[in-house]
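Protein chains in written order, with our numbering: chain A, 1 to 591; chain B, 1 to 111; chain C, 1 to 122.
The hints are simulated quantities; they were obtained by calculation from the structure and are not laboratory data.
Worth double-checking, as some hints may not be accurate.
[Stated by the list, open to error] In the BS3-like style, the derived pairs of lysine-lysine whose C-alpha atoms are separated by at most 25 Å in a straight line are:
1) A:Lys228 <-> A:Lys387
2) A:Lys53 <-> A:Lys517
3) B:Lys58 <-> A:Lys227
4) B:Lys57 <-> A:Lys255
5) B:Lys96 <-> A:Lys228
[Unchecked claim] Now the stretches of chain B that chain C is said to cover, found in silico as 3 or more residues with beta-carbon under 8 Å:
6) 34-47
7) 53-66
[Claimed, not checked] Covered stretches of chain A, as calculated for chain C (at least 3 residues, CB under 8 Å):
8) 75-86
9) 140-150
Everything numeric in this text was worked out from a predicted model, so none of it was measured.
Think of the CB as a built atom: it goes at the ideal place given N, C-alpha and C, for glycine as much as any other residue.
For reference, the chains in residue letters:
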Amino acid sequence: MKRVDLIVIGAGPSGLSAAIEAAKTGMSVLVFDENARPGGQLFKQIHKFFGSKEHKAKIRGFVIGQQLLKEAEDAGVQVSLESTVIGIYPEREVVVRKYVETPAADGTDPQEPSSRHEAVFHYKADAILVATGASENMVMFDGWTLPGVMGAGAAQTLMNLHGVRPGKRVLMLGSGNVGLVVSFQLLQAGCQVAALVDAAPKIGGYGVHAAKVARCGVPFYLSHTIKKVEGTNHVTGVTIAEVDSHFQFIPGTEKHFDVDTVCVAVGLSPMSQLLKMAGCEMDNSGKGGGQIPVVDAAGQTSVPGIFAAGDVAGIEEASSAMIEGRMAGIRIAEYLGYETKEAGEAEFSKEEASLEGLRQGMFAPQNRGMKIEKTEEGIPISTNLLKHGFVADDEIGRFPGVTHKAGIHPVMECTQNIPCNPCQDACAKHCIHIGLNITALPAVEEGSTCIGCGMCVASCSGQAIFLVNEHTKEGCAEVTLPYEFLPLPKAGDEGFGMSRSGKPVCRAKVVKVRTSKAFDHTALLTIEVPEDMAMKARFYRSRLECTGGDSVIAQSRIKGAEVSQNGATGDRPCESKAAAESEKREEGAAI
Amino acid sequence: MAGSDLRISEHPILGQTKEGREVTFTYDGRPLTGYEGEPIAAALRAAGVMVHRYTAKKHTPRGIFCAIGRCTDCVMIVDGEPNVRTCMTPLREGMKVQTQYGVSSRPEVTP
Amino acid sequence: MRTDRSKDLGPCLPMEGDDRIVCRCEEVTQGEIRQAVHDGMFTMTEIRRYLRCGMGLCQGQTCSRLVSGIVARELGIRPGELRPASSRAPMRPLEMSIWANECQAPDGAAETKKGGAGDEKC
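One chain only, chain A, in its complex shape (with noise of 0.2 Å):
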């Protein structure tokens, strides 16, 4: 039987975070992992994260995961792949499925070089630390076993890790962060997403990221639910409908979508089964999103010398599991005398006030399911984000962030209280305001000067910051937007300005497309509108995406077609006034 220090079960971020702090201080260190490549699921997050410079934000999480598998590697860190861990018993001894390779020599086959065949090993350890992460949660409706139906992180697989798209056109069920966040990455993929939808009755996720799928045109149905998927042999379509305060369906609600897939983002659950075969002490109230183990804060749990962190733990996000993962990976040093008191405890304290930075604002975990009406600033919140993802043209103008000024400006239509802050230092101009309260509202810093560079728009994680120049020429306005979808509009293109609901409401020109390693994959698209438009054009349709053809965006077809009958005779798009008449009409609709 094989004997190391540690023993680390799951090399996703959680694990391979206390993989590199216990290999550091001279620990022999072993992770195991069940798939082939190492990361977890960070590797499918293609989208920046949020948090402080230390937590890595506006940083994609894939590139993240690159980044921790070259510091695992530095620090000796052995990851074995394809290891499954099939039981932890007394003692700290791990059985492990794993491939054997045999060589040619032994007399097989000498057409094949090697076979591999799989076998069962023993390993010991004088610490373990799980941290297997967690899994998707499920809810049943009629025809949810068709093929078709899917959990989003398995979308996210498919079209993230395999570059296969996982259909063409897609519902989610589910409007918590996951679900916002595979929406956008479907739409990025060049999927259609039909509608998102979810049982409760305000989105669950950051207003930020319902507001850039909404300025996409996806349609959110909150307090609906999905009645029953249809087909015979795989998806063709689905019906959803209301659900009342005790949600039960409304007769007479239902609507209708022709799709081919359908996703289920409606939380995680830990995997937390190891552990309890352990014998570690479980909670099973419910907090952390099930079965989690009772542990302390070095993540020990009842069982000396076996500790938890990440998902496993609690669910929470990935920079979370990862600083926890460095947390445990401390005390495990510490606990087998590998790293002294004094050391450990200010590497420790560093990464508990990390912890706790991301730990704060609205969506903090000790604010789960409690009623928030008002900003930390007393401004109320926009009501209508949380019910159909964006925020209505007459609730904009309160939050600090959204201001007039003569000349260019950014604009940050950041509305809830998040742990995040990069826009403040991605402007070297100093123009974006949040101070020491990572969760305070960017706001505009009075007299600054914007120059107009982008740094901010490309940094902001949620894709909520544009730069706005009111007033360019006699009734024109610049707005510039980030963009990452394919293929990239180019300077002279003409197409339709869209509002934060995802309607056309006005004809646009690209005026300006920038890319740059800075931006990170975020191109910079400025558009010419019309001056009324400056603070409701938030997106960037090309004409051919509004008339047709297979591209993201059918949803908006006939409103398309409206706009460039009704709208926009002259040759220039600042020139349209009906345009912006037919917008007046379809904001009212949609509210």
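Given the coordinates of chain A, work out where chains B and C should sit on it, guided by the hints.
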């Protein structure tokens, strides 16, 4: 890959999707192509295959559900071996992939 | 967590969704689970042994939360009050031929990147 409109050829964030060697495998005897090392399930999805198996009791179709090896809904018969998780098993040249009926490769054997 | 076995649950009346599959592996329906509770299966372990739900290939990865929700509702308690099923090896589907194939991992040998392509001998 030719003929598949589900493959993402260029992604706004991930760029050109890097591809391995193109390999041929069979699905219920029909030759299909995919990329070496990608999960069998991904190659099948790209080829338009959605049904991986029919269940033993109620004979209902199943396909990709979790895509990370947890749910075991996507199991098929691979090179004669039943219950192979296609979302976890890398595709190799010449693989023989078959729809699983219960645990059999033949529908009529299903009890 | 004591299980109150004297509880009178009344008759098992049909409910919407009773024919819906809950355990995808073993194809157990909501109606079967509800009936099992009325038959006296009050804990997750009993339900699993009685119906085999959560005992299939995936070992309850997908359905255990759903099953405990249904059982708890039938018993009129919170899912957290329900005695959870025991956890035991193997945690993932494992062929008996592999489980029976016990190998020695050599002491101090370097693990290689791809699973087990190291110095392990069988």
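Status of each hint after checking the structure:
As the CA atoms of Lys228 of chain A and Lys387 of chain A are separated by approximately 23 Å, the hinted pair is consistent with the 25 Å bound. Between Lys53 of chain A and Lys517 of chain A the CA atoms are separated by roughly 18 Å; this keeps the pair inside 25 Å, and the hint holds. Taking the CA atoms of Lys58 of chain B and Lys227 of chain A, the gap is about 22 Å. The hint holds against a cut of 25 Å. Between Lys57 of chain B and Lys255 of chain A the CA atoms are separated by roughly 32 Å; this puts the pair beyond 25 Å, and the hint is violated.
As the CA atoms of Lys96 of chain B and Lys228 of chain A are separated by approximately 35 Å, the hinted pair breaks the 25 Å bound. A count of 0 residues in the region 34-47 of chain B with a Cβ less than 8 Å from any Cβ of chain C is obtained; the coverage claim is therefore unmet, three being the minimum. Only when three residues or more bring their CB closer than 8 Å to a CB of chain C does the claim for the region 53-66 of chain B stand; here the count is 8, and the claim holds. Counting residues of the region 75-86 of chain A whose C-beta lies closer than 8 Å to any C-beta of chain C gives 9; at least three are required, and the coverage claim holds.
With a cut-off of 8 Å between beta carbons, the region 140-150 of chain A has 5 residues touching chain C; three or more are needed, and the interface restraint holds.
Hint compliance for this structure: hints 4, 5, 6 are not met, and every other hint is.
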